[in-house]
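Asks: Chain B: place on chain A using the hints.
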Amino acid sequence: MSNHPKYKEWEEKVLSKVLARFPERKKEFKTTGGLDLPRVALPKEIDDEYLEKLGFPGQYPFTRGVQPTMYRSRLWTMRQYAGFATAKETNERYKYLLEQGQTGLSVAFDLPTQIGYDSDHPMSKGEVGKVGVAIDSLADMEILFDEIPLDKVSTSMTINSPASILLAMYVAVGEKQGVPREKLRGTIQNDILKEYVARGTYIFPPRPSLRIITNIFEWCTKNTPLFNTISISGYHIREAGSTAVQEVAFTLANGCTYVQTAIDAGLDVNVFGKRLSFFFNATTDIIEEVAKFRAARRMWAKIMKERFGATDPRACMLRFHTQTAGHTLTAQQIDNNVVRVALQALAAVLGGTQSLHTNSKDEALTLPTEDSVRTALRTQQIIAYESGVANSIDVLGGSYLVEQLTDKIEEEAFSLIQKIDDMGGVISAIEAGFIQRQIEDSAYEYQRQIETKDRIIVGVNEFQSKDTVKVPILKIDKEVEKRQVERVKKVREQRDNSKVEACLKRLEDAARGDENLMDPILEAVKEYATIGEICGVLREVFGEYRD
Amino acid sequence: MGDKKVYRVLIGKPGLDGHDRGAKCIARALRDSGFEVVYTGIRRTPEEIAMAAIQEDVDVVGLSSLSGAHMELFSEVVDALKKHGASDIPVIGGGIIPEEDIEELKKRGIKKVFTPGTPMEEIIKTFRELCENK
Numbered sequence: 270m271s272n273h274p275k276y277k278e279w280e281e282k283v284l285s286k287v288l289a290r291f292p293e294r295k296k297e298f299k300t301t302g303g304l305d306l307p308r309v310a311l312p313k314e315i316d317d318e319y320l321e322k323l324g325f326p327g328q329y330p331f332t333r334g335v336q337p338t339m340y341r342s343r344l345w346t347m348r349q350y351a352g353f354a355t356a357k358e359t360n361e362r363y364k365y366l367l368e369q370g371q372t373g374l375s376v377a378f379d380l381p382t383q384i385g386y387d388s389d390h391p392m393s394k395g396e397v398g399k400v401g402v403a404i405d406s407l408a409d410m411e412i413l414f415d416e417i418p419l420d421k422v423s424t425s426m427t428i429n430s431p432a433s434i435l436l437a438m439y440v441a442v443g444e445k446q447g448v449p450r451e452k453l454r455g456t457i458q459n460d461i462l463k464e465y466v467a468r469g470t471y472i473f474p475p476r477p478s479l480r481i482i483t484n485i486f487e488w489c490t491k492n493t494p495l496f497n498t499i500s501i502s503g504y505h506i507r508e509a510g511s512t513a514v515q516e517v518a519f520t521l522a523n524g525c526t527y528v529q530t531a532i533d534a535g536l537d538v539n540v541f542g543k544r545l546s547f548f549f550n551a552t553t554d555i556i557e558e559v560a561k562f563r564a565a566r567r568m569w570a571k572i573m574k575e576r577f578g579a580t581d582p583r584a585c586m587l588r589f590h591t592q593t594a595g596h597t598l599t600a601q602q603i604d605n606n607v608v609r610v611a612l613q614a615l616a617a618v619l620g621g622t623q624s625l626h627t628n629s630k631d632e633a634l635t636l637p638t639e640d641s642v643r644t645a646l647r648t649q650q651i652i653a654y655e656s657g658v659a660n661s662i663d664v665l666g667g668s669y670l671v672e673q674l675t676d677k678i679e680e681e682a683f684s685l686i687q688k689i690d691d692m693g694g695v696i697s698a699i700e701a702g703f704i705q706r707q708i709e710d711s712a713y714e715y716q717r718q719i720e721t722k723d724r725i726i727v728g729v730n731e732f733q734s735k736d737t738v739k740v741p742i743l744k745i746d747k748e749v750e751k752r753q754v755e756r757v758k759k760v761r762e763q764r765d766n767s768k769v770e771a772c773l774k775r776l777e778d779a780a781r782g783d784e785n786l787m788d789p790i791l792e793a794v795k796e797y798a799t800i801g802e803i804c805g806v807l808r809e810v811f812g813e814y815r816d
Numbered sequence: 082m083g084d085k086k087v088y089r090v091l092i093g094k095p096g097l098d099g100h101d102r103g104a105k106c107i108a109r110a111l112r113d114s115g116f117e118v119v120y121t122g123i124r125r126t127p128e129e130i131a132m133a134a135i136q137e138d139v140d141v142v143g144l145s146s147l148s149g150a151h152m153e154l155f156s157e158v159v160d161a162l163k164k165h166g167a168s169d170i171p172v173i174g175g176g177i178i179p180e181e182d183i184e185e186l187k188k189r190g191i192k193k194v195f196t197p198g199t200p201m202e203e204i205i206k207t208f209r210e211l212c213e214n215k
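Chains as they are written, first to last, in our numbering: chain A, 270 to 816; chain B, 82 to 215.
A few of these clues could be false.
Stated by the list, open to error - Capping the alpha-carbon separation at 30 angstroms, the derived lysine-lysine pairs in DSBU-like fashion look like this: (1) A/Lys688 x A/Lys543; (2) B/Lys187 x A/Lys739; (3) A/Lys744 x B/Lys193; (4) A/Lys364 x A/Lys751; (5) B/Lys164 x A/Lys751; (6) B/Lys163 x A/Lys747; (7) A/Lys751 x B/Lys187; (8) A/Lys313 x A/Lys299; (9) A/Lys295 x A/Lys282; (10) A/Lys735 x B/Lys188; (11) B/Lys206 x A/Lys722; (12) A/Lys747 x B/Lys188; (13) A/Lys282 x A/Lys543; (14) B/Lys187 x A/Lys747; (15) A/Lys574 x A/Lys688; (16) A/Lys747 x B/Lys164; (17) B/Lys192 x A/Lys739; (18) A/Lys445 x A/Lys758; (19) B/Lys187 x A/Lys735; (20) B/Lys206 x B/Lys193; (21) A/Lys744 x B/Lys187; (22) A/Lys751 x B/Lys163.
Everything labelled a hint here was simulated from the structure, so no lab data went into it.
Just chain A, with the same shape it has in the complex (with noise of 0.2 angstroms):
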């Protein structure tokens, strides 16, 4: 508590507003001996440099949090990604994960869906249901979410070129439902950016990506105005192998890119930009994440404000998910991965997160089985509910050390952003190759380190043991592919196809002139016209980019 006049008009200006409509989970907040928590603590003097850099929670520059009474309201999302082998499994693991109490849905699809190819395409062989579901029209989609309410559920898809055609099904499956479109949350990851440098599941060259996404955007906001049209992110980049700073500077980069497309196109900062969000990576390394994702915060609500003019503090907040970091999990040993997992997800809300997946131990090795997941969500229940630290806000703020920190991410991101301006850009950046070798030469210095032992990884360069466990293993039927292949085959044969091909003419027409591309492929969509079908009208028309 303070009686500097700047709290007391976030008190009444920005705080009461929330409790108004987001109540506090109990009356008071203790420790578990019974000592009060404050909502958020503070310094005892409040000074400019306070004011500045910090602030208070859901206020702009946002340090401190997004919202004036995080955790304290609503706990993060818990939301484990999931999906693999044909959508009837998936529905299923999705159901059990719901009552296991997870509180939202996110779809890993398979590589061929997110390639824009069919599962019966030559390029599908073998990968068909494997890293995700399999999904080839709005048949497979109608039954990933059967029995799901898609008006009680927020629904995250990890899907990026083909990302259009994805939120149009699901647009489609809300309908048969009955449930409106304006009703519709979720997120569609939708970063073409982070793909040429880090994920590789790219269809199309950098300049007609954009102007996919530009469309999506400004549908989007007519639309499904509760949808985040983008999760920009930074957790591939971390994956590949980047530092903290980098992973925090090329994300955000990569979100100025898109912000200016947009404006470049018309849009409005104040509107669209309400519902860009993000993506970070946690490792185990807490102090330094929970300094990056406090950093990233401050700096995007600088970027909006300062450089693009977004007035609207709502445009300036950077939402995040988090996943704790795939790379860091060891194949030795596996069940020291849990806590890992612990300490990383711990970082994350710690860091203020909105959502976050947790990893269960067995995927160093493979997908992991429901035993696993079980654990990795429960993880997150034991932070929520019996740790403590989700009952103030921001309870790391005002440490030295983690101020420093801080301030050093913002202050070296910054000038790595300045750095890529200075080539011309994010696009210039990739085409001379200068993101990616700034990561691989992270990547390969960490991996040094292991090599060298400056980096101790237990169980895997020190504290080995020679015990091999068997650890049960989540296979995917070779069957899968099979029955998937003969299943879109059957949806081709079933389909009006003198309608899909009228809308592929049209979808073919509206990309090679100017007019927004959403409303083309959810006719496609709705015809059942597949997924192959729609990028090779749209590989056709602006070609494909190659490694």
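Replies: Frame of chain A, contents of chain B only:
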């Protein structure tokens, strides 16, 4: 200059998997150890990889896959090399590969399979031995 032979190897990413951190690290470590390395980039077909191996006249092919498609894709590279009369080029692989798949991959002609956590030194040693014995 000595007349010590410089070995040429190819690192390939078959299929649709985009996880290239391991492949790139190994390519670079091999270069640092004196190998000439051809890296294919991601999303290549087994046929493209086999043709590149032949055209570049490499001594060993190393494949990487983390998407679970290794069974199909690794053996197709072996088959494609055989089809083009280059079955003398040994193929090794690495990635997220369950223990129980390793025996079967060996039966299908993959000489050696590395799983996560393997020291770089051990991988380089294997490349060197295969080059020397070729």
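Asks: None of the hints should be skipped; say for each whether it holds.
Replies: Going down the list of hints, with the structure as the test:
no.	hint	result
1	A/Lys688 x A/Lys543	holds (27 angstroms)
2	B/Lys187 x A/Lys739	holds (21 angstroms)
3	A/Lys744 x B/Lys193	holds (22 angstroms)
4	A/Lys364 x A/Lys751	holds (25 angstroms)
5	B/Lys164 x A/Lys751	holds (26 angstroms)
6	B/Lys163 x A/Lys747	holds (25 angstroms)
7	A/Lys751 x B/Lys187	holds (25 angstroms)
8	A/Lys313 x A/Lys299	holds (21 angstroms)
9	A/Lys295 x A/Lys282	holds (22 angstroms)
10	A/Lys735 x B/Lys188	holds (26 angstroms)
11	B/Lys206 x A/Lys722	holds (19 angstroms)
12	A/Lys747 x B/Lys188	holds (19 angstroms)
13	A/Lys282 x A/Lys543	holds (20 angstroms)
14	B/Lys187 x A/Lys747	holds (19 angstroms)
15	A/Lys574 x A/Lys688	holds (20 angstroms)
16	A/Lys747 x B/Lys164	holds (25 angstroms)
17	B/Lys192 x A/Lys739	holds (24 angstroms)
18	A/Lys445 x A/Lys758	holds (23 angstroms)
19	B/Lys187 x A/Lys735	holds (23 angstroms)
20	B/Lys206 x B/Lys193	holds (12 angstroms)
21	A/Lys744 x B/Lys187	holds (19 angstroms)
22	A/Lys751 x B/Lys163	holds (27 angstroms)
Figure legend: structure checked against the earlier numbered hints; every hint is met.
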